[in-house]
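> Per numbering that gives the first Met the number 0, the sequence shown runs over residues 0 to 274.
It is worth saying that the hints were derived from the structure and are not from the lab. As the structure is a computational prediction, the values presented were derived from the model and not from experiment. Heads up, a few of these hints could be off.
Restricting the straight-line Cα-Cα distance to at most 27 Å, the calculated cross-link-like pairs of lysine-lysine (DSSO-like) are [unchecked claim]:
| no. | residue 1 | residue 2 |
| --- | --- | --- |
| 1 | 107 | 40 |
| 2 | 35 | 273 |
| 3 | 35 | 107 |
| 4 | 35 | 272 |
| 5 | 184 | 35 |
The calculated label-pair distances, taken between Cβ atoms and stated as ranges, are [claimed, not checked]:
| no. | residue 1 | residue 2 | range |
| --- | --- | --- | --- |
| 6 | 116 | 246 | 21 to 29 Å |
| 7 | 39 | 217 | 44 to 52 Å |
| 8 | 222 | 261 | 35 to 43 Å |
| 9 | 112 | 268 | 19 to 27 Å |
| 10 | 219 | 115 | 29 to 37 Å |
| 11 | 152 | 190 | 38 to 46 Å |
| 12 | 219 | 257 | 48 to 56 Å |
| 13 | 39 | 190 | 25 to 33 Å |
Even glycine gets a Cβ: it sits at the ideal position worked out from N, Cα and C.
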Amino acid sequence: MSTLTDTAPTTRRGLSTTAPNPRPLRLVRHSLALAKRSLIKTWRTPEALIDVTVQPVLFLVIFVYIFGGAVAGSTHDYLQFLLPGILAQTIATGAIAIGVNLNTDIAKGIFDRFRSLPIPRSAPLVGAVLGDVVRYVIVTVSTLAIGYVMGFRIETDPFRAVAGCLLAVLFALCLSWLPVLVSMKVRTPGAVQGLMFALIMPLSFASNVFVDADTLPGWMRTFVDVNPMTHLVASVRGLFLGTPLGSHVWWTLAWCAGFVALFMPLALRAYRKKI
Numbered sequence: 000m001s002t003l004t005d006t007a008p009t010t011r012r013g014l015s016t017t018a019p020n021p022r023p024l025r026l027v028r029h030s031l032a033l034a035k036r037s038l039i040k041t042w043r044t045p046e047a048l049i050d051v052t053v054q055p056v057l058f059l060v061i062f063v064y065i066f067g068g069a070v071a072g073s074t075h076d077y078l079q080f081l082l083p084g085i086l087a088q089t090i091a092t093g094a095i096a097i098g099v100n101l102n103t104d105i106a107k108g109i110f111d112r113f114r115s116l117p118i119p120r121s122a123p124l125v126g127a128v129l130g131d132v133v134r135y136v137i138v139t140v141s142t143l144a145i146g147y148v149m150g151f152r153i154e155t156d157p158f159r160a161v162a163g164c165l166l167a168v169l170f171a172l173c174l175s176w177l178p179v180l181v182s183m184k185v186r187t188p189g190a191v192q193g194l195m196f197a198l199i200m201p202l203s204f205a206s207n208v209f210v211d212a213d214t215l216p217g218w219m220r221t222f223v224d225v226n227p228m229t230h231l232v233a234s235v236r237g238l239f240l241g242t243p244l245g246s247h248v249w250w251t252l253a254w255c256a257g258f259v260a261l262f263m264p265l266a267l268r269a270y271r272k273k274i
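All chains, full assembly: derive it from the sequences and hints.
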């Protein structure tokens with residue numbers, strides 16, 4: 000006579016059970032599904048991509064043709080210098096949109112529906128961040144495309160050029176946890192946008208985006224030298240143009256790790272309290 004010891008585990012209703020997915024795998028699966036939702040939403044509202052398509056064009060045209068001759072003596076030379084900085088600035092400001100979108104979704108009650116689903120609590124936030132990767136790729140492609148039309152040329156090899164693009168996308172992906180945190184703390188999408196611009200703009204202008212850091216006042220250099228945007232721009236310039244990299248890439252990666260280590264847990268904690 001057979002025994003029950005050789006049979007599969009059963010539930011009280013006599014149905015065979017299987018081991019549940021490990022929590023990390025469940026988080027990845029549900030986060031990817033919600034990232035797909037974010038991509039579909041972006042596809043249906045292409046006007047939401049204006050900040051990552053039109054903005055780099057405006058900045059490049061305005062700064063190169065108005066200030067290029069005065070700053071660098073040549074619009075072409077200034078374009079070569081400026082484009083990596085504009086890419087870094089635009090991809091950082093592009094991360095603001097995720098905070099605005101999340102705050103809007105919360106106000107509409109969409110996250111109440113997520114709370115009722117059998118998914119990890121952090122999946123909606125992780126999925127939203129992953130879905131924004133497309134925005135960062137678009138801003139990178141659009142900036143390089145208009146730059147090439149204006150005369151910009153990468154002076155290194157394709158491997159370093161791709162590495163520079165990936166580093167910029169990674170920086171924005173990690174930085175995006177800051178606007179996610181802000182979206183959990185403030186009441187309106189407008190407040191998210193205003194507060195994030197107040198944080199990002201000083202990082203952009205008090206850096207080496209528009210001018211060489213050596214030309215800045217000494218009292219400002221203390222901040223510029225530790226500014227994460229400075230390290231990102233110097234890294235992208237080195238990978239695009241062959242300028243000395245020094246330790247800028249490592250500092251950029253360290254800042255990326257710091258953004259995730261600091262802002263991601265705080266954002267998830269604020270989300271659990273808010274929802």
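> Look at each hint and say if it fits the structure.
Here is how each hint holds up against the structure:
For the suggested pair residue 107 and residue 40, the alpha carbons sit about 15 Å apart, so the restraint of at most 27 Å is met. For the given pair, residue 35 sits about 24 Å from residue 273 by alpha-carbon distance, which is consistent with the 27 Å threshold. For the given pair, residue 35 sits about 19 Å from residue 107 by alpha-carbon distance, which is consistent with the 27 Å threshold. Using a Cα cut-off of 27 Å, the hinted pair residue 35 and residue 272 holds, with the two alpha carbons roughly 25 Å apart.
Proposed proximity of residue 184 and residue 35 is supported: the alpha carbons are some 25 Å apart, at most 27 Å. Our hint of 21 to 29 Å for residue 116 and residue 246 is violated, since their Cβ atoms are close to 45 Å apart. A hinted range of 44 to 52 Å holds for the C-beta pair residue 39 and residue 217, which are about 51 Å apart. Roughly 19 Å separates the CB atoms of residue 222 and residue 261, a value that falls outside the hinted 35 to 43 Å.
Range check, residue 112 to residue 268: Cβ separation about 21 Å, and the 19 to 27 Å hint holds. For residue 219 and residue 115, the hinted distance range of 29 to 37 Å is not satisfied, since their beta carbons lie about 51 Å from each other. Between residue 152 and residue 190, the C-beta spacing of about 42 Å keeps the proposed range 38 to 46 Å intact. The supplied range of 48 to 56 Å is broken by residue 219 and residue 257, whose beta-carbon atoms lie about 22 Å from each other.
Restraint check, residue 39 to residue 190: a C-beta distance of roughly 27 Å satisfies the suggested window 25 to 33 Å.
Figure legend: structure checked against the earlier numbered hints; hints not met, in rising order: 6, 8, 10, 12.
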